[in-house]
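J.: Please take these sequences and the hints and turn them into a complete structure.
Line by line, the protein sequences are chains A and B.
Numbers given in this note's numbering equal positions in the first sequence, counted from 1, plus 426.
Numbers given in this note's numbering equal positions in the second sequence, counted from 1, plus 1105.
Quick caveat, the hints were computed from the structure, so don't treat them as lab data.
Small disclaimer: the values here were computed from a predicted structure and weren't measured.
Misleading hints may appear alongside valid ones.
DEER-style ranges, computed between Cβ atoms [said to hold, decoys possible]:
| # | chain 1 | residue 1 | chain 2 | residue 2 | range |
| --- | --- | --- | --- | --- | --- |
| 1 | B | 1181 | A | 614 | 42 to 52 Å |
| 2 | B | 1319 | A | 617 | 48 to 58 Å |
| 3 | A | 556 | B | 1166 | 29 to 39 Å |
| 4 | B | 1180 | A | 614 | 18 to 28 Å |
| 5 | A | 491 | B | 1232 | 41 to 51 Å |
A short, non-exhaustive set of chain B residues, derived as facing chain A with CB atoms under 7 Å [unchecked claim]:
| # | residue |
| --- | --- |
| 6 | 1247 |
| 7 | 1251 |
| 8 | 1252 |
| 9 | 1382 |
| 10 | 1402 |
Reference listing, derived: stretches of chain B covered by chain A, where coverage requires no fewer than 3 residues with Cβ under 8 Å from a Cβ of chain A [as the list claims (entries may be wrong)]:
| # | segment |
| --- | --- |
| 11 | 1213-1225 |
| 12 | 1258-1265 |
Think of the CB as a built atom: it goes at the ideal place given N, C-alpha and C, for glycine as much as any other residue.
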Amino acid sequence: MKRARTLVTDSPPRAHAGEPSWRDSAGQAWRAYASDRLAVAGLVIAVLVGLIAIFAPWISPYSPTAGVGADRLLPPLVDGHILGTDGQGRDILTRLMWGARMSLLIGIVPTVLAFFISVPLGVIAGYHLGWVGEGIMRLLDVFLAFPMVLLGLAIVSVLGDGMINVMLAIVIIELPFMARLVYTETSLMRQKPFVTAARVSGSTTLQIMAREVLPNVLGSLVVYSTTIVGAMIVIGAGFSFLGIGIQPPTADWGIMTADGAPVLDSLPHISLLPGVAIIIVALAFAWIGDGLRLVVDPRKRVV
Amino acid sequence: MVRFLAKRTVLALFTLWGVTVLIFILFQALPGDAAISLLGSQAGNPEAVARMRSYLGLDRPAYIQYFVWLGDLLQGDLGQSARFDQPVSKLILDKALNSIILLVGSAVVMFSVGIPLGIVAALRERSLFDRIGMGVIIVLGMVPVFWFGLLLIYLFALVLDVLPASRMYSFHDSNRTLSILVHLVLPAITTAAISITILARVTRASLLETLEAPFMQALIARGIPVRRRIWRHAMRNILPIMVNVSGLQIGWLFSGAIFTEVIFSWPGIGRLIYDAVSARDVPVALGGILVVGALFVLANLAADVATASLDPRRREAM
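T.: This is the structure:
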């Protein structure tokens, strides 16, 4: 990540005065994003994995759940199984492809949900304060005071296993972090001159929240949400690994890691490859987050 | 300082209370009837179920159950495990020492790797060491704990065959302490991995920031030798943040230990919780999660108090 050290303090001069066109701002945003090579790499990886996940039913060579008893534990490159088969005779490449679906769903869907819940919670707590805001933040502090995995463990063990419940647990895990971010940003915005100006000019609280505060807060939240997707994929896979998340025979990277553990000695790739996939996807989202930060916060841009 | 201490303690107590409420609500929501699952073959007998329910206090309103439970809790009574026919507190205490051994081992690994790595990377910013070290740290930060544990088992226990892959000691070893230490290596590294990455990154970033501060320039101007500048002045300045991060990370080690204890068959509290969750042994799972949650809150409290005692600005920030 080598970057020259001049900071851009002003937007570059435009050929003609007036409002910047959509095309101009999009181009500027993309240039900021693309100035981080890892962010571009992350985007490419995420798109590729996304395509694999979407088209898994058509491009995967075998069934992800039904194995062939006679083909158990084949080493890679035997009988048309590029990565070999697992202990139940299922093609590992196929299961890796289908596993991408689970991981992306587990990472993205709860984060989108938590995004939309955390915005009103955080903005109300940060702008309105009062006992409602205070109450919200204290409640979230209780959740934050809990180790994430333990909280998830408690929730999943109560709700039972299965994908919906894991997603719900992940929403509850990430919500306090996201709402706290919105809260902090909002309370900072509250003191900004443009908010005071809006109030003086007669805007109602609701208008100020929607027009002045929200657009400034959302940028940071988008960046944070992207970054956290990777961490949630790791946690979701952890639940599957422990056997309290998504249940077999579903193809999931956490389940695959656990399935391969008994044959770690002879066929380590069965257990270790899914983990590599998790790391790559998690890194991709972290890098995308870094790139988005450059788009959202022009002060961090370096040309 | 007294004011800070009082405020922070009240906050921690409030959080602890919240934790008890949260856990109680969660386990109230548990599907299935504990009385029925305990009775097993007798579950079809309504009279037996009713008697068991009243014995367990399940026929009383939820809020009364909570206060009874909380009252017992404050006296150190976490209930009874039907599965083991033993008090939960005894089950947890029996495993506590094993967990503490793992925790101390992980903390030692975390400090002895994370801090030096961060310091050297900062002092040699942009060097090859810095780039490779920080690259590894970023990847390691995304590694699932359970996967990392299996990788270590594969490399060091199966391929190289130099370290044991599971359990806390071997009956074949004559020296029990040495045996535990050898068995501790891989679990401790596994548990500490994520925390190492955070500690190293924070150390590096805060040291870099401090090295560029005006007072460091002033020290150069006064002709203070470089070693003294770094060890006496820069390090003293980043001490509060390091203490804070370390405290928080020790809290996180508790939760990472759950995976480690499962993978390495380490007989600690994490494994106890995991087994209890799998077997739907509610009182044990409840008690275990509560104890670890409380320790986490206390670790955070300790971290904040220690930081405040080192950095006066922190006291006023409250």
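J.: Next step is simple, just say for each hint if it's right about the structure.
T.: Now for the hints, and whether the structure bears them out:
no.: 1; hint: B/1181 x A/614: 42 to 52 Å; result: 44 Å, holds
no.: 2; hint: B/1319 x A/617: 48 to 58 Å; result: 27 Å, violated
no.: 3; hint: A/556 x B/1166: 29 to 39 Å; result: 32 Å, holds
no.: 4; hint: B/1180 x A/614: 18 to 28 Å; result: 45 Å, violated
no.: 5; hint: A/491 x B/1232: 41 to 51 Å; result: 50 Å, holds
no.: 6; hint: 1247; result: 4 Å, holds
no.: 7; hint: 1251; result: 5 Å, holds
no.: 8; hint: 1252; result: 3 Å, holds
no.: 9; hint: 1382; result: 4 Å, holds
no.: 10; hint: 1402; result: 5 Å, holds
no.: 11; hint: 1213-1225; result: violated (count 0)
no.: 12; hint: 1258-1265; result: holds (count 3)
In the structure shown, a violation is registered for the earlier hints numbered 2, 4, 11, in ascending order.
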